[in-house]
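J.: Sequence:
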Amino acid sequence: MEDKKAVLYTCGKELFSSKGFKDTNVSDITKMAGIAVGTFYNYYQSKEKLFLEIFLNENVLLKKSIMKSVDLDEDPKTLSKKLLSLNIKGIVSNPILKEWYNKDVFKKIEQQYREDNGADRFDFLYTNFEELIEKWQSQGKMRTDMDREFIMAFFTAIINIDTHKEEIGLQYFPDILDHITEFVMKGLMV
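Counting in this note's numbering, the sequence shown runs from -2 upward without gaps.
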């Protein structure tokens, strides 16, 4: 049973990567997998569910790769900007993750992401950030008049701005995110 699910996942990932979310349908995936369309629904409720599983896995891999590639001892402002920059570059270079910026697809992906509590997959990232904040505070690099959870709320707000990129304007979004991060970090640093 798991083999069929793995085949559907692999075929879905290949098709979503090459054709995009919108131009890939369940019958394309099952045809490539050599599995009946009805069998697809034994494993995934919809194309959106499969896509979201692939999207979340790709996103977790990106975040873990980024965290391994940076020097966590850099100053908070430099590190935060670098993390966001690497994240945007990683998203834009990955055809699955790039769909997050496709305005025709975004609403379906975001809705499914919220329904499936997609953010829960990134608990490891929040733990890393909480440890960094504690370290920066103990080193006198970050304000201590705010507790870690409150400071984490700033980082969460920066991350969640991503879900409003259309309202901000896709052409402005990366620069706005960079400036907001810089402003927030200036306000949090000692």
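Everything labelled a hint here was simulated from the structure, so no lab data went into it.
Treat each hint with caution, since some may be false.
What the hints assert, rightly or not - Simulated pairs of lysine-lysine, BS3-like, Cα-Cα distance not exceeding 27 Å: (1) 61 x 132; (2) 1 x 78; (3) 60 x 79; (4) 183 x 138; (5) 10 x 138.
J.: Given the hinted pair residue 10 and residue 138, is their Cα-Cα distance within 27 Å?
T.: violated (42 Å)
J.: Would the pair residue 61 and residue 132 pass a check requiring their Cα atoms to be no farther apart than 27 Å?
T.: holds (20 Å)
J.: So if I understand the rule, the pair passes when the alpha-carbon distance is 27 Å or less; does residue 183 with residue 138 pass?
T.: Answer holds: residue 183 to residue 138 is near 11 Å, not above 27 Å.
J.: Are residue 1 and residue 78 close enough, with their CA atoms no more than 27 Å apart?
T.: Distance ~41 Å between residue 1 and residue 78 Cα, so the pair is violated.
J.: Holds or violated: residue 60 and residue 79, Cα atoms, limit 27 Å.
T.: holds (12 Å)
Checked against the numbered hints listed earlier, the structure breaks hints 2 and 5; every other hint is satisfied.
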